[in-house]
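Peer 1: Be aware that the sequence shown starts at 860, since it is given in our numbering, and climbs by one per residue.
Just so you know, the hints here were simulated from the structure itself, not pulled from any lab data. Do not rely on the hints blindly, as some may be mistaken.
Claimed, not checked - The calculated lysine to aspartate or glutamate pairs, modelled on EDC-like cross-linking and capped at a C-alpha distance of 20 Å, are: (1) K918 - E961; (2) K918 - E965; (3) K914 - D883; (4) K943 - E961; (5) K932 - D883; (6) K873 - D900; (7) K916 - D883; (8) K873 - D929; (9) K936 - D890; (10) K943 - D883; (11) K943 - D909.
Stated by the list, open to error - Cβ-Cβ distance ranges computed for the label pairs, FRET-style: (12) G954 - N888: 17 to 27 Å; (13) I945 - K873: 42 to 52 Å; (14) I945 - N974: 36 to 46 Å; (15) E952 - F861: 29 to 39 Å; (16) N974 - D890: 31 to 41 Å; (17) G955 - I889: 30 to 40 Å; (18) G955 - Q869: 15 to 25 Å; (19) D909 - D929: 13 to 23 Å.
Built from N, CA and C at the ideal position, the CB exists for glycine as well.
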Amino acid sequence: MFAGIIISTQNLNKMCEFYSNVLDIKPNNIDDSHASFHFGDFKFIISTHDKISGKSKDKHRIMINFAVDDIYKWYNKLLSLNIKIIQPPYSEEWGGYICTFEDIDENIIQFIQIN
Numbered sequence: 860m861f862a863g864i865i866i867s868t869q870n871l872n873k874m875c876e877f878y879s880n881v882l883d884i885k886p887n888n889i890d891d892s893h894a895s896f897h898f899g900d901f902k903f904i905i906s907t908h909d910k911i912s913g914k915s916k917d918k919h920r921i922m923i924n925f926a927v928d929d930i931y932k933w934y935n936k937l938l939s940l941n942i943k944i945i946q947p948p949y950s951e952e953w954g955g956y957i958c959t960f961e962d963i964d965e966n967i968i969q970f971i972q973i974n
């Protein structure tokens, strides 16, 4: 069973603000070194790490997927926040929809609607 994911950053406050705005949630817990969010059953943590500097150096290595119920609602939210869209919503052969965008550290994030 998958419980969640941790993203490390130099910009904890900016990343928390970004994800709070994009996901329309507030952190459940926050301190000087990390913030934890719950998005449905998914636990998402943003933390600082002494080996992290700058933006993502290999942003295609991993993508984080957030399951959503209405891909176009979330896509329009991204547009309203001027988030960098990599791929607008499109349908997949398996019947769902995917929308791909970047966070402020240039990590690749996806909203996925499973029908």
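Peer 1: Please go over all the hints and tell whether each is borne out by the structure.
Peer 2: Hints versus structure:
no. : hint                    : verdict
1   : K918 - E961             : 9 Å, holds
2   : K918 - E965             : 7 Å, holds
3   : K914 - D883             : 23 Å, violated
4   : K943 - E961             : 6 Å, holds
5   : K932 - D883             : 12 Å, holds
6   : K873 - D900             : 24 Å, violated
7   : K916 - D883             : 27 Å, violated
8   : K873 - D929             : 26 Å, violated
9   : K936 - D890             : 27 Å, violated
10  : K943 - D883             : 17 Å, holds
11  : K943 - D909             : 27 Å, violated
12  : G954 - N888: 17 to 27 Å : 36 Å, violated
13  : I945 - K873: 42 to 52 Å : 20 Å, violated
14  : I945 - N974: 36 to 46 Å : 22 Å, violated
15  : E952 - F861: 29 to 39 Å : 23 Å, violated
16  : N974 - D890: 31 to 41 Å : 39 Å, holds
17  : G955 - I889: 30 to 40 Å : 32 Å, holds
18  : G955 - Q869: 15 to 25 Å : 34 Å, violated
19  : D909 - D929: 13 to 23 Å : 39 Å, violated
Taken one by one, the earlier hints fail for this structure at numbers 3, 6, 7, 8, 9, 11, 12, 13, 14, 15, 18, 19, listed in ascending order.
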